[in-house]
Every structure is written in structure tokens, then in C-alpha cells.
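Based on the provided sequences and hints, a complete structural model is requested.
Next come the chains, spelled out residue by residue.
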Amino acid sequence: MDNIAIVGVAQTKYAERKKDKTCADLVFDVTRAAMEDAGLALEDVDNVVTVSNDFIDGRTISSMAVGDAAGAHDKNISTVEGDGAFGALYGAMRTLGGFGTTLVVAHAKGSEGDVKFITNGMFEPIYQRLLGLESISSSALQARMYMDRYGLTEEDFARVSVKNHANGKNNPYAHLQLDVTVDDVMNSEKLADPLKKLDCSPVSDGAAAIIIANESHISKAKTKPVWVRGMAHCSDAYLLGDRDLAVPQSLAAASKKAYTMAGINDPMKSIDLVELYDAFSYMEPMWLEGMGFCEAGKGATLLDQGVTAMSGALPVNPSGGVLSSHAMLVAGLARIIESVLQLRGEAGQRQVENAKTALAHGINGACGQAHCVWILGNQKK
Amino acid sequence: MTTERDYDKLLTVALDKAMPYDWSIGLHGSMFFQEIRENQRFVGIRCPQCKKVYVPPRRVCGPCYTEMDELVPLSDTGTLRAFSVVNYPFIDPNTGGQRPVPYTYGYIQMDGADNIFSHIINETDVSKIEVGMRLKAVFKPKEKMQGHITDIIHFDIIS
Amino acid sequence: MAQKVAIVGTGQTDHKSHRPDVTGQEMIREAVDRALEDCGITIRDIDAIVIGNMDHFESINYVDNWSIEGSGGFMKPIMKVTTGGTTGASVAIAAYYHVASGMFDRVLAIGWEKNSESDTTGAIITCSDPIWDRFSYSGAIPSLATEATAYMKQYGATQEDAARVAVRDRNNALNNPHAHLQRPITLEDVMSSPMLAHPIKLLDVCPRTDGACAVVFAADGEAQRLAKKPAWIHASAVRHTYSWFGDSTDYDAGLVSLARASQEAYKKAGITDPSRELDVAELYLPYTYAGIKWIEDLKFCGRGEGAKFVREGNTNMDGMIPVNPSGGVISTNCIGATALLRVAEASIQVMGKGGKRQLPKVNKALATGFGGCFWSDVMILGAERS
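Residue numbers (numbering that gives the first Met the number 0), protein chains in the order written: chain A, 0 to 380; chain B, 0 to 158; chain C, 0 to 385.
None of these hints come from the bench; they were simulated from the model. Mixed in with the good hints, there may be bad ones.
Restricting the straight-line Cα-Cα distance to at most 25 Å, the calculated cross-link-like pairs of lysine-lysine (DSS-like) are [what the hints assert, rightly or not]:
| id | chain 1 | residue 1 | chain 2 | residue 2 |
| --- | --- | --- | --- | --- |
| 1 | B | Lys8 | C | Lys3 |
| 2 | A | Lys256 | C | Lys3 |
| 3 | C | Lys152 | B | Lys127 |
Footprint (simulated), chain A over chain C, 3 or more residues, beta carbon under 8 Å [stated by the list, open to error]:
| id | stretch |
| --- | --- |
| 4 | 62 to 73 |
| 5 | 79 to 85 |
| 6 | 97 to 104 |
| 7 | 236 to 245 |
We treat Cβ as the ideally placed atom computed from N, Cα and C, and that holds for glycine.
Here is the structure:
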């Protein structure tokens with residue numbers, strides 16, 4: 000298999016409502032910025048993968064709105080509907096399978112649709128959808144199951160929110176820039192027990208783009224390449240009742256595969272930082288368990304021991320994570336971008352010292368049904 | 000395999016609720032609707048590279064991949080480039096009900112523009128419509144305009 | 000270096016206008032089972048899955064996640080690729096890259112649609128821009144009607160010229176046990192069918208169908224093991240040229256996206272004289288006029304010669320370049336599956352599994368997809384490992 004690397008990245012600042020920009024405007028902004036970052040011209044990019052969702056955009060063939068803006072007028076193009084980490088994965092496959100340089104761009108304007116309707120649309124239409132299940136209430140079920148299984152408390156989750164919001168203050172792109180205490184989280188509005196408002200990510204508008212190049216095409220780019228060392232994705236069963244919601248087995252499978260591809264035996268030893276998809280506070284410890292950084296039920300202990308803090312052995316979500324900015328679909332791509340900035344040593348105030356290997360992560364579907372895991376490194380192998 | 004007798008026992012679940020959206024028109028589109036309201040005329044945007052004028056105005060010229068910012072005032076008249084008198088019934092996603100038919104869907108080249116603007120032509124008798132006819136936009140009264148495509152009621156055939 | 004890839008198995012449902020006897024997942028499962036059986040493997044042998052359809056046709060968000068029971072994706076890598084009418088081809092191309100990348104050896108591509116579950120035109124209208132076009136837009140037929148009108152005016156083609164395409168495809172469908180419409184038709188039937196939007200009549204357009212298609216892609220080495228005669232992917236190319244309906248209306252220029260995509264694919268596959276070098280074409284022709292006009296963009300014949308080319312029988316089963324032995328889109332249209340069916344049918348011809356619709360000697364086959372804003376996807380398959 001060839002070597003491929005990420006040579007350009009760009010993201011918008013995430014915000015509640017970008018009324019001055021259409022989806023196409025956002026895509027144009029980040030597409031140009033990613034090419035500028037890479038030092039590449041449009042003719043150096045030989046194909047494009049856009050990422051969009053028809054429910055979020057309120058438009059069938061949502062990709063139709065952004066082809067021009069992504070510079071794809073006369074290029075090979077395709078569209079992944081799902082999280083941007085999956086879109087990037089397809090972009091990587093294309094770069095391994097014949098193309099030289101692939102642009103992947105994702106956008107979402109959560110402000111324009113009704114997120115409860117949109118995420119209610121994930122659920123089974125005959126038996127479940129009419130119950131009103133959507134993203135928050137289904138995640139509340141998962142959080143409750145997780146607490147019950149391992150004796151975790153709401154405070155355990157509140158501490159994740161406190162850490163990530165503090166990190167978010169170092170990230171100029173973050174939507175929320177909040178000073179938050181455990182009490183603030185505990186006293187924030189209860190949305191769906193046990194989840195409170197500050198356990199939940201905001202709904203953001205934003206876009207992000209990356210450029211992936213085959214090693215054969217890498218010399219044209221001016222940036223320090225960030226190598227794709229491993230990647231994998233995997234899906235669990237669909238119906239929530241068919242899954243053990245407290246055990247992310249599809250994440251465990253994807254992580255294992257990505258580690259094997261990257262030649263990693265002990266992730267805790269080999270990985271310097273993690274950017275994961277914490278749409279809700281409880282997800283961070285749960286995903287860390289799935290990724291094999293600790294035993295089942297011990298994710299919260301990592302936080303308590305300071306392991307996941309900026310000064311710890313494994314900083315998790317230095318960017319402030321999805322809890323600080325949640326443009327749907329974009330968020331997984333943003334995890335990759337944040338990892339790239341870390342590995343290039345360009346993460347500013349949120350920089351993790353001596354970061355050489357990072358894990359970036361995206362999810363699809365309710366309660367993390369499907370996961371996508373990326374291992375990135377600033378050394379080739 | 001399902002037999003005819005089984006067929007009557009098969010059930011379906013219906014969903015007939017529209018999902019709400021609040022789409023941003025963006026900077027250029029907002030200027031278009033403001034110009035319609037203030038001056039009852041169209042406005043397009045010119046690509047600095049290929050010089051094509053697009054209406055409605057938008058930010059990027061796809062073929063040139065160039066940012067556009069030169070707004071070009073246009074009139075309220077144009078030429079019919081293609082049309083179709085629509086006779087078949089269908090659910091209108093804008094309303095959730097049946098769209099009234101017949102109506103005439105028109106591809107209109109606004110004077111001074113290089114691309115096509117789509118709207119409705121105020122004539123449903125096929126024998127009275129021809130490609131190449133001259134058209135003029137009919138606007139809502141200014142006080143009733145709301146920055147929406149229906150601020151233009153339809154296009155009249157003027158010759 | 001890209002890994003060489005071939006199609007080794009295909010499966011499709013017996014297409015119908017309405018399948019209330021199955022859920023979407025169950026319908027997908029029918030196609031998947033047939034595809035696996037076709038190449039003698041089980042779902043355990045599948046390394047990854049790509050699936051596609053159009054969300055608002057069934058109002059299911061995250062179809063890749065929803066599909067698991069039908070697609071067989073439990074604890075497997077699965078992703079959704081969707082690009083409107085071209086979805087099926089985009090899914091096939093994505094499955095190709097899954098294997099070409101070297102990451103997977105056996106990948107399942109799935110396209111499906113239950114058009115009976117929504118108002119198809121109402122759903123298609125939601126593909127138009129919500130601010131500018133949705134108010135006046137009335138679905139695919141009028142924009143195709145405008146293209147047809149412009150073509151007839153430019154080259155003097157007639158409604159009868161287009162009708163011949165429907166007669167050809169619908170009568171070919173009689174040889175395809177999976178086809179949705181299986182009633183023979185005559186030129187008079189087409190001409191006397193109700194006018195939908197001048198000059199398009201009812202029998203000039205595709206039906207709406209419930210159906211699914213699944214195709215197994217395999218890596219070099221594995222492909223030869225799974226199929227006696229694998230259908231190798233020689234090239235694929237895509238152009239989604241326009242973002243705005245109003246920019247795509249220079250009909251005198253032909254179907255720009257198809258001309259550009261096919262040129263790229265021909266070049267990659269080393270084809271210089273397509274109508275002679277290709278042995279069969281499965282074309283995404285959603286309406287009859289495309290059958291005379293778009294074959295010009297594919298360089299089967301010169302500009303303005305499409306009607307004559309079809310009239311002289313060149314695209315018949317015994318002609319120079321048989322088009323749509325399966326009966327094509329005019330006979331079966333389960334939208335998210337439609338372009339994948341073109342790829343599947345082209346590979347069936349290469350693999351020699353076409354039964355009554357099989358052509359005698361197929362070395363190279365072309366499949367196309369159409370949709371979105373006059374977009375085109377192209378794939379070329381061949382018997383030779385390439």
C-alpha cells in the first residue's frame with residue numbers, strides 16, 4: 000500500500016448562526032484556505048469528495064449546492080453522507096487507489112434546520128420514530144446504561160465538560176468559550192436525565208476541508224506532511240435494543256484494526272494525544288475505553304488521574320472537542336484537522352508538546368453506532 | 000412470495016409532516032431581493048475572469064473558480080429560452096398539498112445575463128407560447144414583499 | 000499503485016412498482032443474498048460495504064446505519080455515498096476505490112430505493128435550490144423536456160425518433176426476468192400515450208420502481224478465485240459539472256458532463272472508437288430523447304446523427320453497439336439502484352451471465368449514470384485483466 004499524507008487543512012470558526020454565508024460560501028472559504036495552507040493551486044487537486052447530509056441541509060442531493068464552491072466543476076467528484084471522518088476515509092482510499100491529491104470538504108449549518116427532527120430521522124420509522132427518540136434522548140439512555148453498568152456518577156461526566164470547555168478557551172475556532180465548573184454543569188438545565196445542558200455539545204454552523212496527497216504527489220505541497228498511519232471504520236447493529244449501549248464494540252474493532260495498520264501494540268504508549276467525538280460528556284470516557292486506553296468502566300478514572308489533561312500523558316481533546324463546537328458532519332473532520340495542527344506543531348495555545356502520533360475519531364448514527372478511527376503521525380512509519 | 004389474499008393484510012405507516020428549515024439566502028442573494036423591493040429590477044453578478052453575468056448573483060464562478068463581487072444592475076425583462084406546461088399532479092414540498100396544475104415553468108434569460116433564471120410564465124395555452132418570446136416580471140406590491148422568490152409573482156409575455 | 004479490481008457477482012430484486020410485502024431492509028437483503036450466491040460467498044466473506052439511495056424518498060436519515068440488517072453490515076465497515084440519480088454509479092466507483100486502495104479484498108456495493116414510499120416528484124423537487132428554484136420547479140420531466148425541445152429544434156429530430164428508443168428498451172426488457180415493465184410496446188403505443196410535458200409522453204419516461212441491486216467487487220487474485228470470468232474495471236470517470244440548474248442550459252453544447260466523463264474514461268481504457276470497440280452499453284437513459292442525443296456525447300456517432308444511428312438499428316441487440324439489453328431505465332427505475340444496475344448489467348454481459356439477454360461476445364462494456372444537475376458518471380468494464 001502507498002503512503003499518503005494530509006498536506007493541507009482549513010476550518011471556519013464555529014458559530015451558532017452564520018447568517019451571512021450560505022453552505023456554498025462556507026465551502027468556498029475552507030476550500031480556498033486549505034489549498035492556500037498546502038500551497039497548492041486548484042489544478043494541483045485532481046479530485047474532490049464533498050460531505051453533506053440531505054436532512055441537515057433540507058435538500059435532496061445536498062451535494063449539488065457545493066460542487067462549484069469546492070472547485071469541482073471539471074473534476075472527478077463524489078459525496079459521502081455521514082461524518083467528515085468517513086468522508087476523509089473515502090478521500091484517503093481514492094488517494095491510495097489512483098488519484099494523486101484529494102480535497103475533502105464538509106459543511107453543516109445546524110442553525111437552518113431543526114436538529115431534533117433531523118436526528119429523529121435516524122430512528123426506525125415504524126416502531127421507534129414516533130416515540131420521539133432523537134439525539135439527546137437516545138444518548139441519555141446510553142449515558143444511564145453506562146452509569147448503571149460501572150457505578151459512574153453525573154459528576155464524573157461533568158468533569159469532562161469542565162476539562163473540555165477549559166481547553167476550548169485556547170482554541171480560536173471554538174464555538175463555545177466558557178469558564179465552567181462542576182457545579183455549573185450540575186446546575187445547568189436538565190435536558191434528558193441524566194444529561195444536562197452543559198453535558199451536551201452546542202449546535203454549530205461551520206465547514207472544514209483537508210487535502211490528502213499520495214506520496215508521489217507530496218513534494219508540491221509546502222506544508223510538513225502529516226502521514227496517515229492507520230485508519231478503519233466499523234458499524235454496530237442498528238436498533239438500540241440490539242446493542243449493548245455501554246460497550247462500544249464497533250469502536251473497539253475499528254481501533255484494533257487501525258492500530259494494526261499503524262503497527263501500534265500499546266496505544267497508551269504510542270499515542271500522544273486524542274481528538275475524539277464527544278457529542279456528550281459521557282462519550283469521552285466511554286470512547287477511551289473502546290479505543291483500548293483503559294479497561295471497560297475505567298475511562299473516568301483516566302480523567303481523575305489527570306491522564307487526559309493538557310499536562311497529562313494522553314491529552315484528550317486539546318481543541319475543546321465536540322463539546323465546544325459541534326457542526327454536524329464537520330466535527331469528525333475537525334478532529335483530524337486538530338490532530339494535524341498538533342502534529343505540525345501549529346496548534347498555538349492548545350499545542351501538546353512533542354506530539355508525534357495522534358488519534359482522530361468520528362462517529363455516525365445514534366449513540367455512536369459506527370466509528371471511524373484515524374492514526375496520524377509526523378513520521379512516515 | 001406474497002399472494003393476492005395476503006396483500007390486503009399488509010400495513011403501512013404514513014408521515015405527512017413537513018420538516019421546518021430556515022435557509023440563509025446569503026449576502027448576494029439578500030442584495031438581489033433588496034433590489035427587487037427597492038427598485039423592482041433584477042441584479043446579477045459578473046465574473047472578473049470570463050465576464051459571464053449570473054442571475055441570481057452568487058459568490059463563485061464555477062468554471063473559473065473565481066470570487067465575484069461586481070454586481071450588475073439588470074432590468075425586469077428577458078427572453079424565454081425554454082418552457083414546459085406542467086400537467087401532471089404532484090405534492091408540492093413547499094406547501095405539503097397538491098400544486099395547482101396546469102402551470103408553465105420557464106427558463107428565462109434576463110436581459111444582460113448569460114445564464115438562466117427559472118420562474119413561472121403567466122400563460123398555460125401551449126399554442127400561445129414560443130421560445131424566443133419577450134417577457135417582463137410582475138412584482139408584488141412593495142409593501143407585501145418579504146425577500147422571497149414569490150415577490151416576483153410571474154412573468155408576462157410582452158411580445 | 001492502485002490494486003486491480005473486478006466485479007465477481009451481482010444480485011437484484013425482481014423489480015416492481017410497489018413492494019408492501021417487505022421493509023426497505025428486507026428488500027436490500029434480497030439483492031445482497033443474490034449477489035453473494037452469484038459468486039458463491041457468504042456475508043462473512045465481505046470486508047466492507049458501500050450503500051446509497053436518496054434520503055427524502057423514504058425519509059430515512061443515516062441509511063448506512065439503518066440498513067445493517069439488510070446490508071449485512073453488522074460489525075463491518077460501512078459508509079454511505081449519495082449523489083442523486085448518479086448514486087448507484089457513485090456507489091460502484093466507491094466500492095472500486097475501497098478495493099483499489101488495497102484496504103479491502105471483497106466489497107459489497109448496494110443501491111436501493113422504495114419509490115412507492117413517497118411522492119417521487121415531490122421528493123425530486125426538494126433537490127432544487129430552496130430559495131431560488133423550488134417554488135417553480137416541477138421535477139425532472141420539464142427540465143428534460145426543455146433539453147428535448149432544444150435538440151429537436153437544432154437537428155430536426157422527431158417524436159418518433161425518440162419513441163424508437165422506448166420501443167427498443169421496453170422490448171429488450173422482455174428478455175430480463177428482473178425488469179419492472181414487461182409488456183411489449185409499439186411505436187404507436189408511445190406516440191399515443193398521454194402528453195406529460197411537451198414533447199415528453201408517458202411512455203417516453205422511466206417508471207418509478209421499488210428495487211435494490213448489490214454488486215461484489217474483488218481484488219486481483221481473489222477475483223479470479225470467485226468468478227470464472229470476472230468483469231475487470233478498466234476505467235471510471237465522473238463529472239458533476241453544474242451546481243445551478245440555470246447554468247446547465249446550453250443544450251447546443253450537448254450533455255457536457257457525459258462528454259467530458261466519457262472522454263476521460265475512454266482515454267484511461269485506451270478506447271478511441273467507442274461504437275466499434277465497445278461491445279455493449281448500459282446507459283442511464285431516464286427518457287427516450289436521451290437515447291438519441293446523449294449517444295452523440297458518448298461519441299457513438301456524430302453530432303445530430305443520433306436519431307439516424309438508432310433508426311438504422313445500430314443500437315439493437317444485433318447492431319454495432321447494442322444499448323440496454325436489460326431494458327434500461329425506461330423499463331426499471333429504482334433511483335438509488337438505477338445506475339448500479341447499469342454497472343451490474345454491464346458486468347453480467349462481460350461475465351456471460353445474461354441468459355436470454357446475453358450478447359454473444361462481450362469484451363468491453365460501458366455503464367453510465369445520470370442525475371443531479373445534468374451530471375454523469377461513467378464506468379468501463381472488460382474481460383481482460385487490466
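Cross-check of the supplied hints:
no.	hint	result
1	B:Lys8 to C:Lys3	violated, 49 Å
2	A:Lys256 to C:Lys3	holds, 23 Å
3	C:Lys152 to B:Lys127	holds, 18 Å
4	62 to 73	holds (count 9)
5	79 to 85	holds (count 5)
6	97 to 104	holds (count 6)
7	236 to 245	holds (count 8)
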